[in-house]
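**Q** Chain residues, written in single-letter form:
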Amino acid sequence: MTPLIQLTNLTKTLKGQGEPRSILSGVDLTLHAGESVAILGRSGSGKSTLLSLIGLFDRPDGGQYLLGGSDITRVPERRAARLRSDEFGFVFQRFFLLKHLSAAQNVAMALVNGQGWLPRRKRKATVMAALERVGIAHLAKHKPPRLSGGEQQRVAIARALVREPKVLLADEPTGALDTETGALVIDALHSATDRGCGLILVTHDHAHANRMQRVVRLADGVLVTERQGVFP
Amino acid sequence: MGLSGRFRSALIIGGQGVRARKLRTFLSMISLFLGVLAVVTVQAGAEIANRALLADIELTRGKDGTIQVGLPQHEQTVPIAVDTLRGQSDAVAAVSTQAVIGEPGVTPINEGGVPFEYAGQSVGRGQYYCDGRGACYSVESTEAPAPPGKAIELQIVGLTGDIRPFRPFYAEAGRWLDFSGEPSLSPGLVLNREAAKGFGQYRVPAEMRITGASVNSTPRILGVVHDGQSRPVAYVRADELDNWLPAANGNSGASSHLYLSPSATRLEQTLNGRLAAAGVPMEQSYRDVVNSKERIGGQLALMRLIFLGMAALVLLIGVAGILNVGLATVGERIEEFALRRAVGTPRLLLAGIVLAETLIIGLLTAAAAVGVGVAGLEAAELLFGSREPMLQGVQFPWQAGVAGVIAGLVAGVLGGLLPAIRAARIPIATVMRA
Ligand SMILES: Nc1ncnc2c1ncn2[C@@H]1O[C@H](COP(=O)(O)OP(=O)(O)O)[C@@H](O)[C@H]1O
Ligand SMILES: [Mg+2]
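The listed protein sequences correspond, in order, to chains A and B. Heads up: the first sequence at position 85 corresponds to 85 in my numbering, and the numbers run straight through without jumps. In my numbering, each residue's number is its place in the second sequence (first place is 1) plus 232.
Calculated from the structure, these hints are not laboratory results. All clues given are correct.
Below are the PhoX-like pairs computed for lysine-lysine, each with C-alpha atoms no more than 20 Å apart in a straight line:
1. A/K143 with A/K124
2. B/K254 with A/K143
3. A/K99 with A/K141
4. A/K99 with B/K254
For the chain A half of the interface with chain B, some residues (derived, Cβ under 10 Å), not all of them:
5. F57
6. K99
7. L101
8. M109
9. L118
Okay, the calculated beta carbon distance ranges per label pair:
10. B/L266 with A/D187: 49 to 59 Å
11. A/K141 with B/V562: 22 to 32 Å
12. A/Q64 with B/V642: 43 to 53 Å
13. A/D187 with B/I638: 55 to 65 Å
14. A/T13 with B/V562: 26 to 36 Å
15. A/D86 with B/L266: 45 to 55 Å
16. B/V642 with A/E226: 52 to 62 Å
Quick caveat: nothing in here was measured; it's all calculated off a predicted structure. Think of the CB as a built atom: it goes at the ideal place given N, C-alpha and C, for glycine as much as any other residue.
Go ahead and model the full structure; you've got the sequences and the hints to work with.
**A** Listed below in structure tokens is the structure:
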């Protein structure tokens, strides 16, 4: 079976104001459909950098990135935008909702992105179904400032799921939430894997990490397996 | 479907952007509106001033291409010129002389034929004399001045034909001279605006004395024209004036001026021949072709350049305003752009949306400014048109409209696109890492 994602010896050096600094020095990672992986690691170890490479926000300096078997290591920006739209869903620690749009409009943002088109009625139904899945359909008309942190994060998850992505990338999604709300958010994310979606969760919380099938740790620019999953 | 999906997405994203930044959009529109209105106003003003300047020159000097000839003063000049040009349509002789209308034996209110606003200012000995080309000289008088009285001094211009093909006077009241038929025994006068003002202000008896004339006459006033002159002038048929001028007894005060169309060369040669044969010193004549458009062209171009420079400056202030408001919200924009790109919106589409947004705002604003300019001009014409002939029948210059629209577009692009480009260039990862 072809893995969903296969990273081989991926490297990334960040060139800031000072010396160029190697963040990732040879990352290997395989993710299958429906599989969930937790990434642990100290703050500043490069977890967000790795997610931004997987999510095609950025490109690696070296190594190979196969998505569904095809090489996208040096994919051009136009195709990357298309892949971000069709293959990936993102959830961030800061929820990144547009505060002038309602919850439903924030979810619809992923559908109104110049990649394909759903007629208004169909779009509305799709958005409502996504909000339903994370249990906040009744808040569809509310704007983010009127929602609690947990509710806002669930709007963000609905936005990530509304296009039925193949991979869900979550970067410390519970970092700004209390334990109880965090658990609800992890539930919502985890339920996506039931439908064949791969999930990569960056977290500091071992309880959340332990709910994933596999746990890896990012240290010194490489991924080290902490707990092997049930997958072959 | 792909294109229409993109287009529909663009409409929704753009609409959400405008609604989210109503105040910003409104402020941008105001600063741009003022800038474009300045461009429109300045352009319209320059156009109107240009036309007024040209019209003024046409009124006083003649239309472009008109040949002007000043004939030397000689006892035979006037009779020969009048005789040669009688009944000709492509040439007109204008014989100017000074006249006083009103009480006999008094010093006129506007001694020297000066404009009435200067009436009574020529104190003492001095007396003004104005020749046919509009130049006035002060002449020392040795006689004791006559007592002041109810009389007006003006320039009488005898015409051998209709002068209006050369100098397009505006009719203001009554009618113009009728050159057909026999001359009337009492001269029919058409006054210019200043002369009409004099008659309106001062109640003067209708008796006319002409320098050097033997008999006084009672003129009839036929109408009023605007001839662009600031001093009082009355126009009359040369042959009617002739009845009161002792032609044989050369009147030294009369100066003769010809207006010829470019095709009247044969006529000009004939006249020159006859005058020279009669002993008129033709080497003292001068000849000039009216060429105002070209002559003042450079002057006008410079004026317009200065005006445009001013307008550009005002517009620049408007653009700076937009840029200021635009850059102030760039942080907000950066986050929205990164987020929209993260969910797969192509960078080019976002840039296109912002471009379209600013172009539409620029166009709407320019349209509003041009509309206000047109309405303002109409209002000005309605309110002040009766007093200011420059505003009468004035059309909104299309150049001003075009300048306004271009200015709006340029300002919109500069003011809106630059912040958007800045926002779009920042990598998604940088924004989302935080
Ligand atoms: N724009 C940048 N330029 C240079 N270095 C950066 C930039 N962003 C982050 N870094 C550095 O890269 C390293 C990895 O950052 P990040 O991937 O955010 O780590 P994590 O998510 O594991 O905390 C950190 O040391 C950080 O300081
Ligand atoms: Mg991080």
